[in-house]
Amino acid sequence: MTILDDQGGIIGSYQENRSFVKVNGMIYKEDGTEWMPIETPGSINSFEIATKDGEKIASYQEGWMPLEWGNDSRLIHPYFLFHQMLLNVLKSLSLGSVQPR
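Quick note: the sequence shown uses our numbering, first residue 101, plus one each step.
Some hints could be false.
Pair ranges (Cβ atoms, derived) [as the list claims (entries may be wrong)]:
| id | residue 1 | residue 2 | range |
| --- | --- | --- | --- |
| 1 | 154 | 108 | 25 to 33 Å |
| 2 | 124 | 155 | 13 to 21 Å |
| 3 | 132 | 153 | 16 to 24 Å |
| 4 | 109 | 146 | 30 to 38 Å |
| 5 | 161 | 132 | 26 to 34 Å |
| 6 | 148 | 117 | 13 to 21 Å |
| 7 | 151 | 110 | 14 to 22 Å |
| 8 | 107 | 161 | 27 to 35 Å |
| 9 | 130 | 153 | 12 to 20 Å |
| 10 | 108 | 139 | 27 to 35 Å |
| 11 | 161 | 109 | 29 to 37 Å |
| 12 | 151 | 105 | 14 to 22 Å |
| 13 | 102 | 124 | 13 to 21 Å |
| 14 | 131 | 155 | 13 to 21 Å |
These aren't lab readings, by the way, just hints derived from the structure by calculation. Even for Gly, the Cβ is constructed at its ideal location relative to N, Cα and C.
All chains should be modelled from the sequences, with the hints used to inform the complete structure.
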């Protein structure tokens, strides 16, 4: 899929390889070079996104709240957390609009 900025310009792409156990993929820069490998468990309830150099960019989590957090078992609302201040283009590429090829 193609990743677009807020003006509709292409800033990258994503290719995914699915298996029964997990989802693997790669986010590519606009020039086609590999940038961020994506590796998630099959349930994709929790995963991190990091650059090829291992720099953590963001993490995603959803699922059940631990019992210690309260009396009722409630679902955690999904959240996406950036690990540090990032350039706008990096945030756009991480969260950008996607469009199937």
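Hint numbers contradicted by this structure = Structure breaks no hint.
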